[in-house]
Amino acid sequence: MIEVKGLRKSFTLGKRRKTRTVEAVRGVDLSVAEGEIFGFLGPNGAGKTTTARILCTLLEPDDGHAVIAGADLRKDPAAVRTKVGYVPQGGTTTDEVTAREELVLQARMYGMHKTEAVQRTEEALASFELTEFADRQCRTYSGGQRRRVDIAMGIIHRPKVLFLDEPTTGLDPQSRAHLWDEVRRLRDAGMTVFLTTHYLEEADALCDRIAIIDHGEIVALGTPTELKHGVAGDVVTVGLNGDGPRAAELLTGRDYVHNLELGDDGLRLYVDDGATAMPQIMRALDGGDIHFDTVELHRPSLDDVFLIKTGRSLRDK
Amino acid sequence: MKFLRDTWLVYTRQLLLVWRTPARLVIGFLQPIAYLLLFAPLLKNALASAGARTYADAYRIYVPGLLVVLVLLSGFFAGFQLLGELRSGVIERSRVTPVSRTALILGRAFSEVTTLMGQAVVITIVALPFGLTVEIGWVLLAYVMLALMALMACALSYAMAMLIPSPAALGPLINSVSQPLSLLSGVLLPLTLAPGWLVTIAEWNPIYWTTNGTRALFTGNPGDTSVWLGMLIVVALAALTVTWATRMFARQVR
Chain A
580 MIEVKGLRKS
590 FTLGKRRKTR
600 TVEAVRGVDL
610 SVAEGEIFGF
620 LGPNGAGKTT
630 TARILCTLLE
640 PDDGHAVIAG
650 ADLRKDPAAV
660 RTKVGYVPQG
670 GTTTDEVTAR
680 EELVLQARMY
690 GMHKTEAVQR
700 TEEALASFEL
710 TEFADRQCRT
720 YSGGQRRRVD
730 IAMGIIHRPK
740 VLFLDEPTTG
750 LDPQSRAHLW
760 DEVRRLRDAG
770 MTVFLTTHYL
780 EEADALCDRI
790 AIIDHGEIVA
800 LGTPTELKHG
810 VAGDVVTVGL
820 NGDGPRAAEL
830 LTGRDYVHNL
840 ELGDDGLRLY
850 VDDGATAMPQ
860 IMRALDGGDI
870 HFDTVELHRP
880 SLDDVFLIKT
890 GRSLRDK
Chain B
461 MKFLRDTWLV
471 YTRQLLLVWR
481 TPARLVIGFL
491 QPIAYLLLFA
501 PLLKNALASA
511 GARTYADAYR
521 IYVPGLLVVL
531 VLLSGFFAGF
541 QLLGELRSGV
551 IERSRVTPVS
561 RTALILGRAF
571 SEVTTLMGQA
581 VVITIVALPF
591 GLTVEIGWVL
601 LAYVMLALMA
611 LMACALSYAM
621 AMLIPSPAAL
631 GPLINSVSQP
641 LSLLSGVLLP
651 LTLAPGWLVT
661 IAEWNPIYWT
671 TNGTRALFTG
681 NPGDTSVWLG
691 MLIVVALAAL
701 TVTWATRMFA
711 RQVR
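So the sequence lines, in the order shown, correspond to chains A and B.
Numbering-wise, the working numbering comes out as the position in the first sequence, counting from 1, plus 579.
Numbering-wise, the working numbering comes out as the position in the second sequence, counting from 1, plus 460.
Same shape as in the complex, but just chain B (with noise of 0.2 Å):
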């Protein structure tokens, strides 16, 4: 009880906090938006070999892997947030009381995850005036897949930054682990279009099956096996980051 109740301390703290600085939140907007606009509207004929017909069909196609994006990139810039509070005394300030030290991170977790979620709905609605129809149910399964992504991206962020405390340092290492990642998971163009070998390697990426899977969900097709193969991999790679990301945290400030 006391754990959740610290949890949620911390959870809606730092909700505040997103909500008191608007322009984090707009500039995590734009770039998602940017391609929306700018990028998307190129793909109904270059997705045509992947079965795109209408403008509705590519955005389907597209629309999904742009969240994935969304949530692992943000999720994964999540550990400087941490740094930031680790070296500026606020946490320090947490510590002295006798609040739960999973609480602690967890709560940020989870606030950050709700931030991106809110963004990934805002960027669904945008895309609805260009053709994006989908069934609500499955958008819906399709979020709580996107929810655990980015809980792992952010759990795995965390445990990195307390790994290499230092953010000159963190940053090439969060982009040689997350540009492979989403390369190798067909989230700018499904692999469908790839040659054999790399959806060969694709295929050991998680991301992968989770993106696919997200698209699946996007696209009507819940019986796809990436679907419930991919829940399957984010729910056990979630409970062990953020497993990982917790110990490490409470080894580090005790």
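For reference, chain A alone in the conformation it holds in the complex (with noise of 0.2 Å):
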């Protein structure tokens, strides 16, 4: 449904003498089957709406090729926005309409007569449970129905793509919950979507396939499982006081510990067993003379592959 391959883009900034050019997408290949939830999981700044924006016809890529539903991105792009619904980050209501108005025009935005505008309105406000107040002016909804409000305007021409730029941020849980059901039953119609998170926990439940990108790269892509699964068998994290450095010398190149990452408040240690590990972590940390605090044992998480593939936590960001 999507065959990205070597997308790149890269932006100038800065005034005329103190020029610099900073590459959003550096190469990006992705392929994205029909009817899946395809998650781009990376920190603020990872070029995952850039690469969403230039998907949906919004940017111009510098290099690469796209094929977006059978329609080739840069040879036709007008073919491409009648197969895709993108809702930006952020929603894109006006205060002094309603949703019925907004949907209505965009409806007709994509080249639909009124009497068909007005039907498609009706179904979306129904779909998603909008009905209600769909004629009160849109400063009246809360940030939950906003949200669906933008949704609903991104599939009001019954798109084979939906792009949605970071669709939760700044909902509360429950409106959380309440979109994650509302994407994956667009997915159980036969929808394709393609959403951007920095939220872990939203990867790891919605997606069916995430990609991870840091610096404008894919660095790994993978169902949630899969990725967890390279990571290593378990965790443990070592809370320290300050002996970071000397205990990460003490563990290093001991045969089960696969990987480590030294934190701020202490270590991460990727082991095959927890189990048999974890004793003998904390024999190495006594026999060298090491004070810790906590020992913890872990199933890996989309963090950890994150930490694995970047040397970052995307939750400190």
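FYI, nobody ran anything at the bench for these hints, they're computed from the structure.
Note that the structure is a prediction, hence the values are computed from the model and not measured.
Please note that the accuracy of each hint is not assured.
As the list claims (entries may be wrong) - Below, a list of computed lysine-lysine pairs in the DSSO-like style, where the Cα atoms sit at most 30 Å apart:
| hint | chain 1 | residue 1 | chain 2 | residue 2 |
| --- | --- | --- | --- | --- |
| 1 | B | K462 | A | K739 |
| 2 | A | K584 | A | K654 |
| 3 | A | K662 | B | K504 |
| 4 | B | K462 | A | K654 |
| 5 | A | K662 | A | K739 |
| 6 | A | K662 | A | K693 |
| 7 | A | K888 | A | K693 |
| 8 | A | K888 | A | K807 |
| 9 | A | K654 | A | K739 |
| 10 | B | K462 | A | K693 |
| 11 | A | K654 | A | K597 |
| 12 | A | K739 | A | K584 |
As the list claims (entries may be wrong) - So these bits of chain B aren't anywhere near chain A, every CB distance computed over 10 Å:
| hint | residue |
| --- | --- |
| 13 | F463 |
| 14 | L476 |
| 15 | L477 |
| 16 | I487 |
| 17 | F489 |
| 18 | A516 |
| 19 | G549 |
| 20 | V556 |
| 21 | P558 |
| 22 | L588 |
| 23 | I596 |
| 24 | G631 |
| 25 | Q639 |
| 26 | T679 |
| 27 | M708 |
Claimed, not checked - Only some residues are given here: those of chain A computed to face chain B with a beta carbon under 10 Å:
| hint | residue |
| --- | --- |
| 28 | P752 |
| 29 | A756 |
| 30 | L758 |
C-beta: ideal position from N, C-alpha, C; glycine also.
Both chains are given apart, each in its own frame, so use the hints to dock them into the complex.
Here it is in structure tokens:
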């Protein structure tokens, strides 16, 4: 449904003399199957939004190719526009108009006749549970309601692919869960969904497949389970008080430690089997006369995947 | 056909927004009305040397100038709204649809022009009880001239906004263009009162001709040179600025 090869985009920032070029997207390749929820996970500034905006025809790529729902992005952006829907970050509802007016206008912008636009609007309002306040001005809506209007606008022309840019940023947990259900419902109805997010939980719970992006490059790609399995069996975190570097030195190269990351408050150790590794780690630390506050055992999370691939934690951002 | 339909869609949406935010409309009125009530009454005596013998004469000279200021200055500020809409994502939402790019900007410009013409009509009506008498046919022609001036000002403002997309820098730029343009057109007092050198400079200012043309139509002198010359100038300028603005917009937003 989406095939992307070697996508690149850089921006020139700054005034005439002091310009610098930022490579926002540096050779992205990806392939999204029909009817899947594909997540683009990464910190702010990783190139997620830029990629989504390129694929929706809003930005022209510097290089690379993309075919979306059979339409070539560079040769025929007009055809792409009829096949994709886009819901930008932050939303676009206007305070002074009603949800019904917004939806009818958006439908008509896609070329529908008035009667058809009105009918589609009725359907969209009903399916997103907006009928009740469809004739109130958008200024009166809650964040979750506004978001639902945004998404209803994005799918009013029944696109093959829906792009959602940070769909749940700023929503309360309940609205977020509600929105996840809406997105799953769209997928189950056959729509392909491409969403960007910087929430690990969202990528883990909602997406069928994930690409982790950092500094404009995809660093990992797979289902959430595959990605987490790729890390290691278990993760042991050791809470340390200042002895971090010494502990890291001590544990580096031990045969039961695959990989190790030193953070501000301690160590993360990637091991095959936590139950056997934990006592060995504690003995080693004792032997080195290093005091530790806590030792905990976890299943690896997507954050561990991110940490191993980039050396940074997504949670800190 | 698609282009006209799309322009209509954008135009009606923008007018709906104007209708739903009446505060903006009212603020647009306040200043011209204040001038009409508090400044214009001085003019019968002040304009005696320009041939005003009655209040009606004074208002026929003053009201058209006031309307020119209204459409020019308000039109020049249309770029700010465009900047806001470009930033908020409202235009982006339209850009992912196949809607005509030219329609996105023309529909906006036409809605501004309509709003300004509505204000111009109200101001004219408010001036009637003060003794303004006009001939309806010629005044309608004057409105056409004003509408074209409004369109020109809007388009110019849009183009400048895309050239300098920072509101902080755009404001001073617009002021530095609009102030000499309006002073050198005699919108407050006709330049018949001006020394010769000032008139010589003003004759290079296109707005001078359109202002004089509007004034001639209000005073019932449709045969005046400034009417056809002003009309010619404003048609050319409107066509030029609209082409410029739509081209820049299409290039910028893809």
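ask   = Taken at face value, is the distance from the CA of K739 of chain A to the CA of K654 of chain A at most 30 Å?
value = holds (19 Å)
request  = Determine whether the non-interface label on I487 of chain B survives the test: each CB of chain A must be over 10 Å from its CB.
outcome  = About 16 Å separates I487 of chain B from the closest Cβ of chain A, which puts it past 10 Å; holds.
Problem - Minimum beta-carbon distance criterion (10 Å), A756 of chain A to chain B - result: violated (25 Å)
Report task. Report holds if the minimum CB distance from L476 of chain B to chain A is greater than 10 Å, and violated otherwise. Result -> Violated, because the least Cβ-Cβ distance between L476 of chain B and chain A comes to about 7 Å, which does not exceed 10 Å.
Looking at P558 of chain B again, its CB stays over 10 Å from all of chain A?
The assertion about P558 of chain B is violated, with a minimum of 5 Å to chain A.
Query raised in the report: CA of K888 of chain A to CA of K807 of chain A, is that 30 Å or under?
Result: Answer holds: K888 of chain A to K807 of chain A is near 12 Å, not above 30 Å.
Hint validation: L758 of chain A versus chain B, beta carbon distance must be below 10 Å. Holds or violated?
At about 18 Å, which exceeds the 10 Å cut-off, the nearest Cβ of chain B leaves the hint on L758 of chain A violated.
Requested in this report: Compare the distance between the alpha carbons of K888 of chain A and K693 of chain A with 30 Å, and conclude whether the hinted pair is satisfied.
Outcome: violated (51 Å)
* To do: Evaluate the condition: distance from the CB of M708 of chain B to the nearest CB of chain A exceeds 10 Å.
  => Holds: least Cβ distance 16 Å, greater than 10 Å.
Margin query: For a C-alpha distance cap of 30 Å, please report whether K462 of chain B and K654 of chain A respect it.
Written below: Holds: K462 of chain B and K654 of chain A sit about 22 Å apart, inside 30 Å.
- Item | chain A versus A516 of chain B - minimum CB to CB distance exceeding 10 Å, so not interface | holds (41 Å)
Is the Cβ of L477 of chain B more than 10 Å away from each Cβ in chain A? Given a closest Cβ separation of 6 Å, the condition is violated.
When held up to the earlier numbered hints, the structure conflicts with 3, 7, 11, 14, 15, 19, 20, 21, 28, 29, 30 and fits the remainder.
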